[in-house]
Amino acid sequence: MSVRTRRTSWPAALVAVLVAALGSLWWVLGGVGLSRPTTGQLAVLAVAMVVTDPWGIRQPGSPSVPMSLAVVGAGAIKGVDPASLVAIVVAAHLVVSAINRRAPSRSALLVRVGAAWGLAGAAMLGSRAAVAEWGATPSAAGVSIGAASLVVVGLFVVPVIVESLPIGGRSPSRGPVHAIGFTWMVSSALAASTMFAALMRPSLGSWSIVVALLPLLAVRVGLERLAVAARAYEQTIRAMSRLPEQFGAVTEGHGVRVGALARQVADELGLDSEVATDVVRSAHLHELGRIELDRDAVTGRDEVAAAGASVIREAGTLDRVARIVELHGSPASSPAALRVPVAIIVACCAIDRAGTGGEPNALSADAIGELVSDVGVPEVVHALSRVLASAPVEAS
Amino acid sequence: MPGQTRLLTYVAATGVAGAGVTVWVLPHVRLVAALATVAAVLVAEWFSTRIRDGVEVSLTNIVVLVAIMTVGFEVAVLAWVGVVPVVVARASDRVFMRVVFNAGQCAISAFAAGAAYTAFLTGVSGVFPDVRTLAAAGLAALAYSVTNLALVSGVVAVSSPDGFLATLLPALRLLVLQVPYVAIAFAAAILLEQQPWALVVLAVPVVIARHAMLAFQRLDEAYDRLVRSFVKTIEIKDRYTRGHSERVATLAVLVAEELGVGYEQRRLTRYAALLHDIGKIGVSRCVINKAGPLDADEFEQMKQHPGIGADILHDIDFLAPAIDIVRSHHERLDGRGYPDGLSAAQLSRIVRIVTAADAFDAMTSTRSYRRAMEVAAAITELRRCADTQFDPQVVEALAVVAERVAWAPTRDFANEATMATGDAPSAGVITPRDDVPRDALR
Numbered sequence: 022m023s024v025r026t027r028r029t030s031w032p033a034a035l036v037a038v039l040v041a042a043l044g045s046l047w048w049v050l051g052g053v054g055l056s057r058p059t060t061g062q063l064a065v066l067a068v069a070m071v072v073t074d075p076w077g078i079r080q081p082g083s084p085s086v087p088m089s090l091a092v093v094g095a096g097a098i099k100g101v102d103p104a105s106l107v108a109i110v111v112a113a114h115l116v117v118s119a120i121n122r123r124a125p126s127r128s129a130l131l132v133r134v135g136a137a138w139g140l141a142g143a144a145m146l147g148s149r150a151a152v153a154e155w156g157a158t159p160s161a162a163g164v165s166i167g168a169a170s171l172v173v174v175g176l177f178v179v180p181v182i183v184e185s186l187p188i189g190g191r192s193p194s195r196g197p198v199h200a201i202g203f204t205w206m207v208s209s210a211l212a213a214s215t216m217f218a219a220l221m222r223p224s225l226g227s228w229s230i231v232v233a234l235l236p237l238l239a240v241r242v243g244l245e246r247l248a249v250a251a252r253a254y255e256q257t258i259r260a261m262s263r264l265p266e267q268f269g270a271v272t273e274g275h276g277v278r279v280g281a282l283a284r285q286v287a288d289e290l291g292l293d294s295e296v297a298t299d300v301v302r303s304a305h306l307h308e309l310g311r312i313e314l315d316r317d318a319v320t321g322r323d324e325v326a327a328a329g330a331s332v333i334r335e336a337g338t339l340d341r342v343a344r345i346v347e348l349h350g351s352p353a354s355s356p357a358a359l360r361v362p363v364a365i366i367v368a369c370c371a372i373d374r375a376g377t378g379g380e381p382n383a384l385s386a387d388a389i390g391e392l393v394s395d396v397g398v399p400e401v402v403h404a405l406s407r408v409l410a411s412a413p414v415e416a417s
Numbered sequence: 008m009p010g011q012t013r014l015l016t017y018v019a020a021t022g023v024a025g026a027g028v029t030v031w032v033l034p035h036v037r038l039v040a041a042l043a044t045v046a047a048v049l050v051a052e053w054f055s056t057r058i059r060d061g062v063e064v065s066l067t068n069i070v071v072l073v074a075i076m077t078v079g080f081e082v083a084v085l086a087w088v089g090v091v092p093v094v095v096a097r098a099s100d101r102v103f104m105r106v107v108f109n110a111g112q113c114a115i116s117a118f119a120a121g122a123a124y125t126a127f128l129t130g131v132s133g134v135f136p137d138v139r140t141l142a143a144a145g146l147a148a149l150a151y152s153v154t155n156l157a158l159v160s161g162v163v164a165v166s167s168p169d170g171f172l173a174t175l176l177p178a179l180r181l182l183v184l185q186v187p188y189v190a191i192a193f194a195a196a197i198l199l200e201q202q203p204w205a206l207v208v209l210a211v212p213v214v215i216a217r218h219a220m221l222a223f224q225r226l227d228e229a230y231d232r233l234v235r236s237f238v239k240t241i242e243i244k245d246r247y248t249r250g251h252s253e254r255v256a257t258l259a260v261l262v263a264e265e266l267g268v269g270y271e272q273r274r275l276t277r278y279a280a281l282l283h284d285i286g287k288i289g290v291s292r293c294v295i296n297k298a299g300p301l302d303a304d305e306f307e308q309m310k311q312h313p314g315i316g317a318d319i320l321h322d323i324d325f326l327a328p329a330i331d332i333v334r335s336h337h338e339r340l341d342g343r344g345y346p347d348g349l350s351a352a353q354l355s356r357i358v359r360i361v362t363a364a365d366a367f368d369a370m371t372s373t374r375s376y377r378r379a380m381e382v383a384a385a386i387t388e389l390r391r392c393a394d395t396q397f398d399p400q401v402v403e404a405l406a407v408v409a410e411r412v413a414w415a416p417t418r419d420f421a422n423e424a425t426m427a428t429g430d431a432p433s434a435g436v437i438t439p440r441d442d443v444p445r446d447a448l449r
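From first to last, the protein sequence lines stand for chains A and B. The first sequence lines up with residues 22 to 417 when you count with our numbering. The second sequence lines up with residues 8 to 449 when you count with our numbering.
Same shape as in the complex, but just chain B (with noise of 0.2 Å):
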């Protein structure tokens, strides 16, 4: 079946059941509790908090649960139509198959959670607001956040090259974000029913958590910003190396991503990379810049950069893990790595897939004393020096990743570039020269 005809056929069916269940409910529901339920749940959908890259917080949840608790999850399973404005205001394209999606997929999730709630507290004879409704509330938003993401990873999984499974367990490892919100959760529903004034106290750590996480994000990405500003300056005096660091953190970041690394190892892969070679900042320019092989003298104050570049970073607190990762980015898997000639087995996975990322990105740039490898003859070298230089693992990562993001070779100065003969030498990561060879030491 065509990728989007089983789009189609996928959304269809979520839209399909959760109208089913809506009318399957609909003959119990008061009216005026439908009401206020569809209300806050568009309050809680407008004011959604991105706290990064395709993970959104929204408070749609605790007023499920508030409804199941108190109202009954007849009413829940409603919330679906506080939902459908804010899709329709926020969608840039495919409005009405994301309408239908979302709605399908609210009015199910409400209706597992409630089902599992009804379930328990008649397994164990509780009454709400006893101590065995928290235990129901707990599992009711188990089975709301399950129902929900196994739906979200269904879509992506029909209508990208991602697998159900990739994209749900990731996801999964998130649940533990909803434990404040059962709590919270269950105090709203035992306060609406006896003291609904006290809600305006229990908002006041709702609002203090989403404040710190709106600061948080804004916080980081004027970090993100500053740290690009300072490398690209960096970068900007040598420029067969611009953009080079870039490149690196984007490539390692695709790679640990192929490879399962999670989501702050992956953060602390970006720095790493994006700052791996600030150390040349304390590198003659001349050596980084000649045009040919270098001597033993100048080897050695290339050696000196990674060194440099942990110095400089050394007490940011934040970026402690990331500065082994800058110190060691010249090592191999063999032990003939600088500056510190470390083994394999000191070498963290971060580290390794940093290394790749740069010797491939070295390799498939143009330089001052070569021109840019082909993608594929670039991971042929990097494959016939697994083992012995890279982690064959990563190598095969990056091999996918080059694939599928059709990475292309950085040539924006071939034509400037001091080549005086016109036949460069090959860019060959470690083939033994005379003289040092340029892509050993990238």
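Chain A with its partners taken away, still in its complex shape (with noise of 0.2 Å):
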């Protein structure tokens, strides 16, 4: 079992504030690094803009970017102004939003008009290092490695400050790092795709950004299909904790409540992504064993905890869930690794079962006394109370 300290968001800020500052660079030098664009060259950048503005691109338990991005690093590297880049990535943003007949969303232009200024200026900042460095001209190819490879650098920095800052007031899910491993795919892709409209403008000029971006659509479609099949995975292991619930044998809800707090202890304790998914499912499907038993018959916690681990392992790659569940029947016999989870497990269950009545500081002294006898760890309880005090649960 892995615990990391609690995360903080101020790394991520502190990217944004130093990408927001590149864009002021561009007027600070000159603006003079890559050669203007012409007219017709920012219609075509506008057009692509507004095609690929509602289109996101996403990994599994991430949210989604827009695919303009890779139009706006095409931009950049294109020689575009940060103030011309902002400009039209607002306009495609409003024209969608009109076509759509739908409010434009500030924190989407917030991402968009980030990612503009700071992309144009780090392609500004970019090529005039490769100027200094080897006295490369730029605009003469149409594109400096310089320019591109500070692109590709804050293409990987957009979706991470996406992930990890709480922009449009959503909470964000991990740290900075951590957010890393559930953007680099996206990122890439918006890289390559972006390298690779800068590689062919001499040869293709304004379809460039067309060819380049059909490959990104190949990988959008691909991730699409994963991230959706990822959610229908989760949401139906969650629809199944309904199930006992059906004769009888739990109270309504008890299975999603319990997974919805076991969620917030995991992340109070800061436990790996992939262990705390499986502590949530283990939430989930704690009571599944109630299926199998004789309705009429009175079990004990154990037998349904078996039973449960039963069905599950019959789902073939839910062995750590499947093991959670069977000793949360007995946790006393947890293997150091499954401590956590299993207390995490026992301690929601019966705070659920008690109902608490949503009241903040609800575990008293004698209750958290009580909990860590019965759960054996007590740095579970404590982060359960934590997450009571500021975020009561719902009355069972």
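There are no misleading hints in this set.
Computed list of lysine to any residue pairs in SDA-like fashion (alpha-carbon distance at most 25 Å, straight line): (1) Lys239(B) with Phe268(A); (2) Lys297(B) with Gly269(A); (3) Lys310(B) with Arg311(A); (4) Lys239(B) with Thr320(A); (5) Lys297(B) with Glu313(A); (6) Lys239(B) with Gly269(A); (7) Lys239(B) with Arg259(A); (8) Lys239(B) with Ala250(A); (9) Lys239(B) with Glu313(A); (10) Lys239(B) with Ser331(A).
Partner residues aside, some chain B positions facing chain A, computed with beta carbon under 7 Å: (11) Ile197; (12) Ala219; (13) Ala222; (14) Tyr230.
If you're looking for bench data, these hints aren't it; they were derived computationally from the structure. All residues carry an ideal CB built from backbone N, CA and C; glycine is no exception.
Hints are included, so try docking the two chains, each in its own frame, into the full complex.
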């Protein structure tokens, strides 16, 4: 079991400020690093942005970022200044919002404007660095390795910022370093498409953007299918938590509530995302064994746990979940690696069954002591107490 | 002509045609370019990705297009040399026949693509790499894919009951997948000529898309196992309906296929059919296993199960279209079904398929209250109830499927069944009786 310290979003905020500052350097340094695009080229960029703006691209478990970032990156390498790029991005988003008849999203605009501003600055800075280092003539080929390199770095940073900053009221689920694992595929595809467009520009002119976006579309289709399947998998497990409720074995919503509470406790303890996911799955399925047992018979917790584990094992890919569910019937026998997940299930289940009434600080010192003796892992009980104090559970 | 002879003739003709174009292009081939192309095809074939039943995605067409644009279509025709080792390594039977066919169809397809590319470019006076070559590459990809699919459809048509068009037309819908490939091939050709090192950049989206496809495939299989394991767990306590949902799912998908339903809808049909009775978890086991007609209260209990099932599944976004099917699988065309008494116009084709498959399996399975019916008798019963309860078109498709797969009644529990008198009631679907007929409830 790996436990990390509580995350913080300040590194991401710092990166966001740096990216924004990059755009401002365009004017400080003279803004002559790259050739200026023609009006026709700007129009092509605008059309490409309108077409790609509504399409998000995401890895499973993370928010989507707009495919238009690849167009923004291509525009930046092409030499569009930050203000013009931001104007195009905003216009494109407003047009798309009008077409879709919905109010433009402030958080979506924030992401787009920040990306355009920062990437344009990064391209300018990169091209200047290339000129200083190698005496290159970036405008001759239409692309400088330096400009493209910094834009690529920027395209890796933007999805991480989206993932780890509280943009649009969304609570970030992970810190910046951890977020890289959930964004690298999207970032790589966006960066490759941007490079791609830049490399083909001498041969294809503005068509290079169209050609570069098509492989990105293939990536988007593949990742979207994957994300939908991953979501369906988790939602199905949550739906299955309702099976024992159908014949009155547990109170309505017990599995879902225990799952939600377990997620908060896992986050509070800073568990690895894979372990946290299995904790939530186990919480949803911890009563599943009741569908296998005789409904009228009085059954002990260990019987329910063992029956549930045998059902879950049938699914083939949930072995750790099956083990956690099995052990929650006899937590004292948990191996070290599973002590924390098992304790979370036992503690959250006990709290939901007790029905804390949703009051803050619901766990008194006596209650904590009692739970610690039941659960056997004090840090889990204390984390649960903190969670309950900050966001009380709904009454069962 | 017997089937085997027709197959051999077709494969031989394909092989001879492939050999013919190979001999024709051979004098114009540059050895180094040919070796590089063959090596690239070998790698592309080896890492081909199976994305679902019968659909395999390989990057060979990209290699062929790049070869056509950069070193001439004569070299592209030789791509088959890279295909053969992979076919030999993976074929489990009839290796020689598979080699001949695959080599032949690869050579012919590459020739067709090359001819389309050259003819178009000559017509518009285009020169690689201007944008007209992009259009020519698109046309070449179309020619390659259509030729390839037509030849494969031909071999399916001569070796199975499936017709040529019945195989070709659904496959042609996948042509849209070629669009990104054309762009990738075009870009690869440009980079190969101008900045070969940058091919690494091009590989990134290709590798990620492949990774996503493989991950999706694994997750899809895991999801399938997850759903099946839960359904099995629920059914296991009710010995007479054990395996019912799996059988209904199998049958419903086959009927959907027979009716030309597309892949995504068939996938939905499968899950809806697997989960259609999940709401029975909320019905007393005494009612479900009762050996005899249900009284009014018991029937009311039983009528709750479609709604309970829909409630259990209600927040699974992916299954949203299937929830209506679960809720409506006891509705009837004449509006006398339950729980909502929907009219025919409100019942989708998938609902009609699952409803008929469910009734058919219920009739051809032994239940606690009667023995299994013969398949022919069950079909007759479905036909009798067509237009009022079941969709006639679906019933006829089901009849075709049942005959084709030689569907057999499920009598696993016949000897255990608590049919005290030995002359159990017949399994009429809607036969009017004093008590509620159980097959109307299923």
